[in-house]
Amino acid sequence: MDTSLDFTTIQTILENNAARVEDLINSYVDKKEQLISLLQDVQAEFNYIPQDVIVRISQKLDIPLSQVFSVATFFQAFSLKPRGRHTITVCLGTACHIRGGQRLVDKIERDYGIKPGETTEDQRFSLETANCLGCCALGPVMVINGKYESKVTPAKLDKILKKYE
Amino acid sequence: MVEQVKKLLDKRLKNVEELEKLRQTILDNKDASRTTVSVCGGTGCRASGAEAVVEAFAEEIERLELQVKIEFKETGCHGFCERGPVVVIGPKKIFYQHVQPEDVPEIIAETVLQGKVVKRLLYTDPATNEEITCEPDVPFYKRQTRHILGANGQIDPTDIEQYIAVGGYSALSTALFQMTPEKIIKEVTDSGLRGRGGGGFPTGRKWQSCRRAAGETKYVLCNADEGDPGAYQDRSILEGNPHSVIEGMIIGAYAIGSSHGFIYVRNEYPLAVEHARTAIEQAMDYGFLGENILGSGFDFRVTINKGGGAFVCGESSALIASLEGKVGEPKDKYIHMSEKGLWEKPSLLNNVKTWANVPLIINRGADWYAKIGTADSKGTMIFSLVGKINNSGLVEVPMGITLREMIYDIGGGIPNGKKFKAVQTGGPSGGCIPEQFLDTPVDFDELTKLGSMMGSGGMIAMDEDNCMVDVARYFIDFLKGESCGKCVPCREGLAKLSDILNRITHGEGKPEDLDTMEDLGEILSNGALCALGRTAANPVLSTLKYFKDEYLAHINDKKCPAGVCRELIEYSIDPEKCTGCGVCARNCATNAISGEKKEPHTINQDMCIKCGVCYDSCKFNAVIKS
Amino acid sequence: MTKYWISSERSVDITHAEDNNVVHFTVDDKDVAVSAGQTILEAVQRMPGIGTIPALCYHPSVQPYGACRLCTVEVSEDEGKSFRFVAACLYPVKEGIIVKTNTDRIKKLRKGIIELLLARCPDAVVVRELADEYGVEKPRFSLGDQNCILCGLCVRACQEIIGKSAISLVNRGIYKEVAAPFYAYELGDGCIGCGDCVHVCPTGAITMGDDGKPILPRVRIPYAEISAMVSPEELSASQG
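Residue numbers (the working numbering), protein chains in the order written: chain A, 1 to 165; chain B, 1 to 626; chain C, 1 to 240.
Simulated from the structure, these hints should not be mistaken for laboratory data. All values derive from a computational prediction rather than experimental measurement. Mixed in with the good hints there might be a few duds.
As the list claims (entries may be wrong) - Across the chosen pairs, the derived CB separations fall in these ranges:
no.: 1; chain 1: C; residue 1: R46; chain 2: A; residue 2: G113; range: 58 to 68 Å
no.: 2; chain 1: B; residue 1: D445; chain 2: C; residue 2: Y175; range: 37 to 47 Å
no.: 3; chain 1: C; residue 1: S142; chain 2: B; residue 2: D299; range: 51 to 61 Å
no.: 4; chain 1: A; residue 1: T120; chain 2: B; residue 2: G115; range: 49 to 59 Å
no.: 5; chain 1: B; residue 1: G290; chain 2: A; residue 2: E121; range: 44 to 54 Å
no.: 6; chain 1: C; residue 1: S142; chain 2: B; residue 2: R586; range: 36 to 46 Å
no.: 7; chain 1: B; residue 1: P91; chain 2: A; residue 2: K115; range: 51 to 61 Å
Note that beta-carbon positions come from the ideal geometry of N, C-alpha and C, so glycine has one too.
Isolated chain A (complex conformation) (with noise of 0.2 Å):
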């Protein structure tokens, strides 16, 4: 797990988006047990969880700081990095993991230079790997974008790749 924070690259969400955080935050004012939705909304929204939202969440919502960066860190849902603008999703269920599917991963690593949790330089794409997506059957599944690709092998893994620049 990538513990670390970058904070050269900051984007100041706040300051460019003031008007949709807002929106997005006062729809749970009243609901701050729904807290992790909210960081939901933010991650799908902005691809990561900005810092100055988190501090925007805790004032609003009433719940302290460090309550609500515990969450943050605690889910693996959640990014407080920015993530790459493809994030590519390898099942390591068993079912995958049984037919190949930590291979993948690996020529990842070795083509793009990214392990799990990682983006690449480019910020062209994000490594995660799920525990089990869900198709079983179809084993090695990867999800790139939303979009299920099944019975991957490291072959069709660079055909696939190319077309997400």
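Based on the hints, put chains B and C in the right spot on chain A.
Quick look at chains B and C alone, frame taken from chain A:
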């Protein structure tokens, strides 16, 4: 005027009579002469391109203006995912597999319009080489008893009226108007239903404690955080027949006296979330949820919460913490959730499959249900039969079927003529069961006796090419990544187990490692806070018990008998078989293969990283793994 | 039968039942009677000479957490037919239970937990003392260099006693750590410098700095870098 429009748009059914009238109307409007075309739209088939097939059908039907003749629907998961995209043509239920968009015009022209079968799309039984035409005759389905999953292939999950057409919400009517809460609980208790999420706790007893608990506010929860790698039954049910779950929850809520329910769905199941949301909206529209349901005076509403990507949140106290907006850390449960659960209120938590069983029990009765299964494990169970198996997919069978029947009769055996080695059941909390126990009947207690467990129903077949030490390492690494980190045994213990297993699979194992792992297993079983930690050592302990020779080979001989552990295998090229085609060399990631054209090639062992691409790409079987 | 009456002492105790309920049970084959509404650990700690229960993540001034598992004891709720392992710091005393605090299985479990802790924090004094007491010599695992055992006492103290929640447990699994928001090295205005966290820490992993603010177990990025991105006012306001 606005009032009139509102009244027209108001679909709420005010009582059972209106529901039955609607049901009859829907059935009457069904044109029996229409041919039904069902395309499986479950996530599995979508991964194989089902969406394009659906589009192709929609386009073709519109182009030929066949809407009157064809009832076209996109259904939930049929279960035979390996063969997707799956298309079933009714009323004969002609079964087509691996359907591509290009096949669609032919299917419509031949099968729909002329009743002729397109042979190349039929399923062929690998054992007999026979082509099977109709879905119920496909060996995979023939041996199943699809009480719960059956509807998946018949209804479009985004249309509540299709659920009503197949009898949906009749159990709810019975429960609300012909039974008291106590009678409902008695029915569920007498049926013998046990929790399908892994715990196997008697469901009726859980409902009873919840009903008896003090307090006005009670919650009903559905655990759809299915995280066991290899299991996807809950996903299929939520995607393909969400109303069955909702109906079960409403009945449960009525039985214990709750007015608010939650469905906690894994973040990684977007289609399930979408279909569940649609189902809830439609149920509200039709008056099955909300206030004064069907005129009974009973109120109930359901909210959907998505998980955040944490396997541990399938554990009940972690799930509740997550619902409360906290991190998913489990708590010691010395006071039952039925007394103090969500927000310290009595809470009834059941798994998706458990809820889906409830309408069935109310409709058919506890006596009928209790006749299925074994003495202590009643009803059917839905397994996800995957891995090294010919027919992989979702299998619903009565409890008590043997492992052998599952793997060979339904699963069609091991592909490519390989030898069966073990079946892993119960997910990361379960264990691996070797060949000598294949005649064991599958039920809660029998599997536990063997050192494994039923769990959520995952059943992963493994063959001679799977290394059991690697399997143990895989599960421990998985659990290490999912551990919440609160308690010492799990956080530290799993890290150390992972270190040891990784050393062993890299050829650096020591003889004392076996004892150390047993000790760590004991610390986990006795000391861990929650079920994740307490059962975490099962994969290691069961493989140590039944496959010790493999561990010894890794540790003492530095060999991996199955040829899996990379550090312990070697790839070489058989000069007799090598044709010098050069395919392997071209694919080699490190340029470790050299040779002249048409001359036998060789692999430079120093440069070889054992990725196995050459082994896969050689068409002449000239690459040897040793 | 020896009776031990436990007087109501502190306000952070689990609330006593209104009607002075007495609970009778046995600890290591000795009959005891205590007032209801407390945990096995609390009861045993107040009865000199009865039971042996070590605990690292427990402190009377905050809620119990159940993280270290050292307080594990064996409890039977069915008159001795079956026993299960429970955390004494959380298990409430109940009429008729049989509690064993020093069986061979318990001792082996404690030894195992201490071995794991010693591997993680080989220099922590309190862990070494336990290791001596339970005969744990050298862990069979590679040694770490941490001092923090992740007992969470500092976090709970800041949350429950002071109400500031300046620090929390972040990340998951082996990456879990005590941290200030955004992994800041220094604590800003969210922390009032009361020192409760330093006081409750069993290993001294969290210490008091010269500026009156605690130094967290793991050095992270300087606070200044964070405030460059988020204005200090905003950060303080959110922690106020």
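Each hint, compared with the structure:
1. R46/C / G113/A: 58 to 68 Å: Holds: the Cβ-Cβ distance is about 60 Å, inside 58 to 68 Å.
2. D445/B / Y175/C: 37 to 47 Å: Cβ of D445/B to Cβ of Y175/C: about 38 Å, so the range 37 to 47 Å holds.
3. S142/C / D299/B: 51 to 61 Å: The hinted range 51 to 61 Å holds for S142/C and D299/B, with Cβ atoms some 58 Å apart.
4. T120/A / G115/B: 49 to 59 Å: holds (54 Å)
5. G290/B / E121/A: 44 to 54 Å: holds (52 Å)
6. S142/C / R586/B: 36 to 46 Å: holds (42 Å)
7. P91/B / K115/A: 51 to 61 Å: holds (53 Å)
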